[in-house]
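Undergrad: Sequence:
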Amino acid sequence: MNARRRIGDSPRRLLAVLAVFLILAAGILTVIHFGQEKQGFHEDEVYSYFSSNRTAGLAWPDHVWLDTQTMTDECVVLPGEGFRYQLVHTVQSWDVHPPLYYDLLHTVCSLVPGVFSKWTGIGLNLAAYVLCFFLLLALCRQLRFPRRISLLILLVWAIHPMTVSAAMFIRMYLWLTVFVLLCLLLHLRLLTGYTRRRMILIMLTSCFGFLTHYYYFLYFFFTGVTMALLWFFQKTEDMRATNLGTRLSRIGRYVLWCAVSLLAAVLIYPSALSHILRGYRGKEAAESFFSPAGWASRISFFTGLVNDYLFSGVLAALLFLFLILAVTGGRGERTLKPRVFLLILPAFFYFLVVSETALLLGNTSNRYLMPVYPIILLVMIAAGFKLLGRMIAYWKPEENRRRSLLYWKCARTALYLLLAGLFLFVDLRGLLASDHVLFLYPENRARIERIRENNDIPAVIIYNEETPENIWRLYDKLAEFSEVYFIAATSEGGIEDEILENAGRVYVFAADTPDNIDRDARIADLFRIDPSLRNKQILDRMEMWTWFELGG
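Taking numbering that gives the first Met the number 0, the leading residue of the sequence shown gets 0, the next gets one more, and so forth.
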């Protein structure tokens with residue numbers, strides 16, 4: 000009988016495998032499509048290239064022309080300068096991030112020296128995307144979800160706007176997602192039995208995860224606490240009916256292994272401790288966490304992001320639907336299994352702590368929650384179908400009532416399709432919305448086209464000396480000029496330059512400041528040096544910058 004069942008199930012398995020790869024192909028094509036639509040860079044994305052590939056370090060000049068190729072050279076690997084990982088680690092030690100992602104980006108850029116392209120970063124993210132996809136598949140198998148549920152989870156995640164946004168954002172967050180999902184998978188397997196091999200894999204995952212982003216430690220810590228509590232209270236099969244000494248011994252060995260993994264990460268990258276304890280981001284995070292006055296507003300802000308961007312504004316409707324299903328369901332098994340705690344508790348506490356410590360940066364703050372977005376989607380979809388199945392089973396008619404049974408089966412299929420359609424509606428609504436796939440910057444297309452048509456006009460940067468890093472926000476625009484004239488906003492002395500004396504028209508990119516007095520004074524200097532300049536027109540307002548045209 001078992002042999003016949005396996006033979007009969009083979010075509011279904013083949014169809015399931017085919018469906019998995021079709022979903023993966025659809026997801027990759029979706030990422031590539033939006034990659035083609037990406038028209039600009041977030042300043043942190045340019046920083047990813049700059050800090051991974053810098054040559055000498057660029058000091059912004061004052062009252063001097065700068066060849067924009069010099070800026071580009073700082074963002075690419077020049078011939079003969081590839082695979083310099085020690086320099087990557089040194090540069091990151093000056094900032095507040097661990098180096099693994101920058102090592103990976105530097106490796107990709109070293110394979111194409113001299114090339115600055117969004118596709119090097121997106122390509123690296125695509126590798127993480129594929130790994131996340133198969134880790135999510137492995138999670139579904141580990142959790143023994145039915146195939147239809149697993150395929151729906153894969154499809155919803157693969158084309159979700161937040162998944163695509165993570166692939167578009169040339170930073171470390173999709174790679175952080177890889178290690179978060181791998182951490183969850185390995186601990187789910189650890190529930191079935193404690194082995195040295197599994198602990199070694201958890202150690203390696205934790206070491207690399209910590210070296211990708213320090214927020215990995217939050218998820219790992221809450222996963223470890225949940226695991227220890229499950230063992231202590233004998234919630235796993237291999238710990239039932241064991242004495243207290245055995246349980247404490249298991250927990251002690253686990254904590255030791257985890258501590259060794261984090262110690263190894265610190266030994267590999269000693270700057271990690273100073274980043275966390277003395278770095279400005281570590282201090283800001285601590286101040287935010289220990290300021291209870293802002294907790295409610297911060298949690299409200301990040302909950303709003305989950306509602307708007309992960310569930311396209313229908314989170315309340317989904318929760319209300321689940322409540323109805325739970326109330327109307329039958330008396331199925333209500334005991335929460337250990338794996339449910341591992342799925343929910345670490346992600347929930349990660350959300351709470353990140354809500355209290357992360358930067359409030361509008362919709363781009365989604366980046367901090369992206370590592371647990373796949374887990375939230377998995378839990379929501381699985382819970383929805385579990386509750387729906389419980390309700391349907393409760394209302395199932397007796398076997399001898401054939402007509403009623405046929406109606407019940409049709410209703411069951413319709414309800415399953417309706418719930419699946421609701422989750423896919425969330426995806427499609429987000430993909431079609433103009434602002435739900437982040438980090439595309441479509442408004443840059445018109446800006447760059449305008450500059451290309453007029454790149455013979457002299458360009459002047461008036462920058463704020465206190466925040467010179469904001470110049471990188473303009474990099475893709477400035478790269479269209481052969482050279483740019485730099486002026487520090489508070490610098491003294493007039494302008495003496497032959498090109499600007501006879502320009503007739505000048506583009507000015509001026510940093511926004513609270514009073515704009517200094518930048519206005521420097522623009523006045525430009526009017527004085529060229530009497531033919533009489534008018535000032537605002538062409539565009541960009542984040543922290545205003546683009547002017549000075550003309551006759």
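FYI, nobody ran anything at the bench for these hints, they're computed from the structure. What you are looking at is a predicted structure, and each value in this text was computed from that prediction instead of being measured. For every residue, glycine included, the Cβ atom is placed at its ideal position computed from N, Cα and C. The reader is advised that the hints may include incorrect statements.
Stated by the list, open to error - Distance windows between CB atoms, simulated:
hint	residue 1	residue 2	range
1	Ala137	Ser290	18 to 24 Å
2	Pro396	Leu318	26 to 32 Å
3	Ile27	Phe424	20 to 26 Å
4	Val259	Arg540	23 to 29 Å
Stated by the list, open to error - For lysine-lysine, the following DSBU-like pairs were computed, each having C-alpha atoms within a straight-line distance of at most 30 Å:
hint	residue 1	residue 2
5	Lys385	Lys336
6	Lys395	Lys408
7	Lys408	Lys385
8	Lys385	Lys395
9	Lys234	Lys336
10	Lys234	Lys117
11	Lys395	Lys336
12	Lys385	Lys234
Undergrad: Next step is simple, just say for each hint if it's right about the structure.
TA: Hint by hint, here is what the structure shows:
no.	hint	verdict
1	Ala137 - Ser290: 18 to 24 Å	40 Å, violated
2	Pro396 - Leu318: 26 to 32 Å	30 Å, holds
3	Ile27 - Phe424: 20 to 26 Å	22 Å, holds
4	Val259 - Arg540: 23 to 29 Å	52 Å, violated
5	Lys385 - Lys336	14 Å, holds
6	Lys395 - Lys408	9 Å, holds
7	Lys408 - Lys385	17 Å, holds
8	Lys385 - Lys395	15 Å, holds
9	Lys234 - Lys336	8 Å, holds
10	Lys234 - Lys117	48 Å, violated
11	Lys395 - Lys336	25 Å, holds
12	Lys385 - Lys234	22 Å, holds
When the structure is compared with the earlier hints, violations turn up for hints 1, 4, 10 and for no others.
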